[in-house]
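Chemist: So the sequence lines, in the order shown, correspond to chains A and B.
Heads up, the numbering used here is the position in the first sequence plus 235, with the first residue counted as 1.
Heads up, the numbering used here is the position in the second sequence plus 29, with the first residue counted as 1.
There could be a bad hint or two in this list.
As the list claims (entries may be wrong) - According to the in silico footprint, chain B covers these stretches of chain A (three or more CB under 8 Å from chain B):
1) 290-300
2) 304-313
3) 563-573
None of these hints come from the bench; they were simulated from the model.
Using N, Cα and C, we set each Cβ at its ideal position, and we do this for glycine too.
What follows is the residue order along each chain.
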Amino acid sequence: MKGPERIVVVGASLAGLRAAEALRDQGFDGELTLIGDEPHAPYDRPPLSKAVLSGWLSTDHTVLPRVRNIDARWLLGTPATGVDPHTRQVSLADGRQVPYDRLLIATGTRSRPWPEQQGGALHGVHVLRTRDDADRLRAALAAAPGRVLVIGAGFTGGEVASVCRDLGLDVTVTQRGDTPLGSALGGVIGGAATRWYRDAGVDLRLGTTVRALEGDAHGALRRAVLSDGSVVETGVAVVAAGALANTEWLTGSGLAVDGRGVVCDESCRALADDGTPLADVFVAGDVARWPHPLYPGQLLRLDHWDNAVAQARTAAHNMVHGSRAPLAHRPLPAFWSNQFGVNLKCVGLPSLADQVVLTQGALDQRQFVAAYGRQGRLVAAVAVDSPRVLDGYAALIEAGAPFPPVLNATDGPDRPEPLDPAFPRPAVPAPGHPAHAAAPSAPSAQAVLAGHE
Amino acid sequence: MPTDPPPEELRLVVDLNRCQSYGQCVYAAPTVFRFHGEEALEYDYAPDPRTRRDVERAAAACPVQAILLGGATEPAPPASEGAR
Chain A
236 MKGPERIVVV GASLAGLRAA EALRDQGFDG ELTLIGDEPH APYDRPPLSK AVLSGWLSTD
296 HTVLPRVRNI DARWLLGTPA TGVDPHTRQV SLADGRQVPY DRLLIATGTR SRPWPEQQGG
356 ALHGVHVLRT RDDADRLRAA LAAAPGRVLV IGAGFTGGEV ASVCRDLGLD VTVTQRGDTP
416 LGSALGGVIG GAATRWYRDA GVDLRLGTTV RALEGDAHGA LRRAVLSDGS VVETGVAVVA
476 AGALANTEWL TGSGLAVDGR GVVCDESCRA LADDGTPLAD VFVAGDVARW PHPLYPGQLL
536 RLDHWDNAVA QARTAAHNMV HGSRAPLAHR PLPAFWSNQF GVNLKCVGLP SLADQVVLTQ
596 GALDQRQFVA AYGRQGRLVA AVAVDSPRVL DGYAALIEAG APFPPVLNAT DGPDRPEPLD
656 PAFPRPAVPA PGHPAHAAAP SAPSAQAVLA GHE
Chain B
30 MPTDPPPEEL RLVVDLNRCQ SYGQCVYAAP TVFRFHGEEA LEYDYAPDPR TRRDVERAAA
90 ACPVQAILLG GATEPAPPAS EGAR
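Same shape as in the complex, but just chain A:
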């Protein structure tokens, strides 16, 4: 059987690079093209909100290692603007057409911007997703600004606020929900995170949104007006309000896409908008939404580093060998974050849970493990400054172990006390805030399951 002769990968970040390498590992010896909208060679994003912002690492020291030669044509700084699955061609912003026999879509996500009519175009309003974003924000923080405003207390918001405090900068964080990290981990664990913020000296405004960012006559940010009417004087605001999938370029392509991602099957094959899988278009990384047997009845999308790597490998295998023996992409989700001096690691999907229980340590001691259950089964675990315990929990989750789990941990509570994990209710607009505004909002607690790293 004859394999593909031309493979095009759109998206030249972690998933795109690892897919290209895996294609060569799988024996693909045809023409390989990588297309990326950013001008830079593939780099890693997790350090941007930590070691880069703190000034320890410059962005040219975040470049990803290339693990093998791939003999590829690189088209960087060249956004793709469309694809025609019938003629099998990708259109580029510079007018070129790139033909393919197999296509991998790995265009990822971008930061949700602040609306321009509410001050989003002011100088001093930042997002943090790319190398260039990080260079701009690092320069702004290094210029010893007054108070920094961080909009959103998810993982990125917490990491930025944490670095600001390390740098000795005053920082205010607004969070629509009752706790930081509420949509990802629920209010019980979020309550512990509230103490991390407060102990670090962050001015944390819970249940509060930003009504508008206001500038001076020169277009520079000067203040934020909050939903409670209070005013924060600031020249630097960081919008950490979640991510949007980069799918606009696929509008009209006939693929099943929307603002949440590109739908594919377990084999990473893209679905047409009538639900049938395409044999020659594949999807991997943050932009992919797919059905996972551990989580029936929904489509999963993961903003996770290891998912990008694993899905890229599975897609690459199936692009080369898929018609004979397709692999299924069924990872156990996992992510991590470092903020306020603690290392947080998570396996499984906490946001599905109906109960949470402390299994090791204590919530107020910055070192603990909590397990999440759904309908009497273990579905996730989060470990704070306990990086060596999660393998055991991961095995229990994959085995469908009962909840609360039986662990016999020496640092466990005498008697497990499961609680409602206190996830925020979806789609409740903040008081005085119109529901349609693209203000910071937790990703709604439905099929889109955002994460971190």
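Go by the hints and put chain B onto chain A.
Modeler: Just chain B, lined up with the frame of chain A:
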């Protein structure tokens, strides 16, 4: 079997899901790896090539084998105009 010479540039990445903060890398290559706080590993993805022996020792010593070194010998992809 002949082996290729290692690439001139030194590049690495750590799988921080796999990392369990044992810190062996920090001992082996202290200018490349460090802890920020008790358990949060930070590292340089593109250290001085003269640290290669230390970094290779760090990768070998990692109890969970979370350190991946670059192996490509072909030129890095050309950044487009406008890249800094």
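Chemist: Which earlier hints can't be squared with this structure?
Modeler: none
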